[in-house]
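Student: Position chain B against the provided structure of chain A, taking the given hints into account.
Chains as they are written, first to last, in the numbering used here: chain A, 1 to 199; chain B, 200 to 427.
None of these hints come from the bench; they were simulated from the model.
In this text the structure is predicted, and so the values were computed from the model without any measurement.
Virtual Cβ for every residue (Gly too), placed ideally from N, Cα, C.
You can trust all of the hints, since none of them are fake.
Not everything, but these chain B residues come out facing chain A in the computed CB check (under 8 Å):
1) Leu211
2) Gln212
3) Leu245
4) Val271
5) Gln277
6) Ala279
What follows is a list of derived Cβ distance ranges for each label pair:
7) A/His28 - B/Ala242: 26 to 34 Å
8) B/His395 - A/Ala41: 56 to 64 Å
9) B/Leu292 - A/Gly169: 30 to 38 Å
10) A/Leu166 - B/Ala388: 37 to 45 Å
11) A/Val192 - B/Leu292: 36 to 44 Å
12) B/Val297 - A/Leu166: 36 to 44 Å
13) A/Glu5 - B/Arg413: 38 to 46 Å
14) B/Asn298 - A/Glu64: 53 to 61 Å
15) A/Pro122 - B/Gly335: 34 to 42 Å
16) B/Gln374 - A/Gly113: 39 to 47 Å
17) B/His350 - A/Gly169: 54 to 62 Å
18) B/Asp339 - A/Leu44: 55 to 63 Å
19) B/Asp241 - A/Leu166: 17 to 25 Å
20) A/Leu166 - B/His350: 54 to 62 Å
Stretch by stretch, here's where chain A covers chain B in the computed footprint (C-beta under 8 Å, at least three residues):
21) 216–227
22) 283–292
23) 403–413
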Amino acid sequence: MEALEQLIVALRRLPTIGPKTARRLALHLLQRDRAAGAELARSLSTALDTLQPCRQCRQLSATELCGICADDERDQQIVCVVESLDELYQIEQTGVFNGRYFVLNGHLSPLDGIGPEELGIPQLLEQVRGGGIRELIMALSTQVEGEATAQYIADQIGPEVSLSTLAQGVPMGRSLNHLDPATLSVALSSRVARQTDAE
Amino acid sequence: MIGLPPVNAFVLQRTPYREDSWLLRLFTSDRGQITAHYRGRDAVYLYQPYHAELQGRDDWQRCQHLEIAGPVLRLTGQRAYLALYLNELCGRLLPRWVNAESLFGTYYATLKGLQAGTPAEPLLRYFERRLLEQLGFGIDFREDVAGEPLHAAQRYRFDGCNRFVAADDGELEGQLLLALQNNHLDQPAVALLAKHLFRQALSYHLGEQSLVSRELFRTRVPGKGSQS
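Just chain A, with the same shape it has in the complex (with noise of 0.2 Å):
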């Protein structure tokens, strides 16, 4: 049963997996639905053979270049910064954002050890230097980590490059009873005038 126990101890390596829970896993796979099981050994295997970290982005990519980083049509001087592939994946969602994205995979973290080189700020510097950027967006986390992560790297970058950040408030649809009172203060502290239709 080695080779159990090893498959246990692989899932538990997995967030939010627990050892019962990667056991129950691990017996569904192999009792269960063996052919789900061999599926997912063959996607997982395909994948981590062809798919890496985008040269410039950092999303994962069957090229050295992802799409949307290869894709003429975007805005490649408009980079929209956020700190997971989620999050990239959400905002392609909108069908708005024209520009390409740097993925910082989280934010600075100083007690989990996380500084800058962690989350490939240099990396980013680098091309904010080699001209050819001229907005930055930081989509990053509202929380005071993610205030400090677009802090710091707006303290490394020259007037050259706009930097925006996304608006922080009220969320569309939701009625003001189910909000924290942290969101609350900061979409009153940040409230904007009203448009009229004289305007």
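Tutor: Okay, now just chain B, sitting in the frame of chain A:
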């Protein structure tokens, strides 16, 4: 199982745990640093005063309830670095299961000061001094290692931890040490001395692993100042 009344707490670090929980590293007023499991995926904020209801064994606390106990402190710009620096110091050095009420108050006051735009250097130095005292290694400004009171006209060397050694060729002036004893951090020479001394003393306790947050204060673009 031990149930205790709610405690004043700040979250120093939160890590997602499974799909529905957080592992929290808490700075509590009456137990120092503790780690607790908190079930619930609502946002948990750093720099937000909480009342935490804790239960369980010493080494595995469960946070039953986390109630907001005051407005969240918003630290923006370079003040965000300073806030992370405070948390890194506390997370690395604050002992577990000790009463830390006084330091907790200083931590809260420091954050409020940073939010209000109070000059950061004196706030940080005062916090560092109180942290060293909490560790039981407060710098002794009353007397030198020989038991003699510090004199304004004497020069001293620092032992790297918390004591001074009288030495004619010492790099530290007695009068500045006495000013630092009285927290005259508004004087630039005293503030510089405090930074130098407290950094050495903290390094003694931090060991070889340097603080990640210190890297953030190094800026490369001229004209964009920094402080730590």
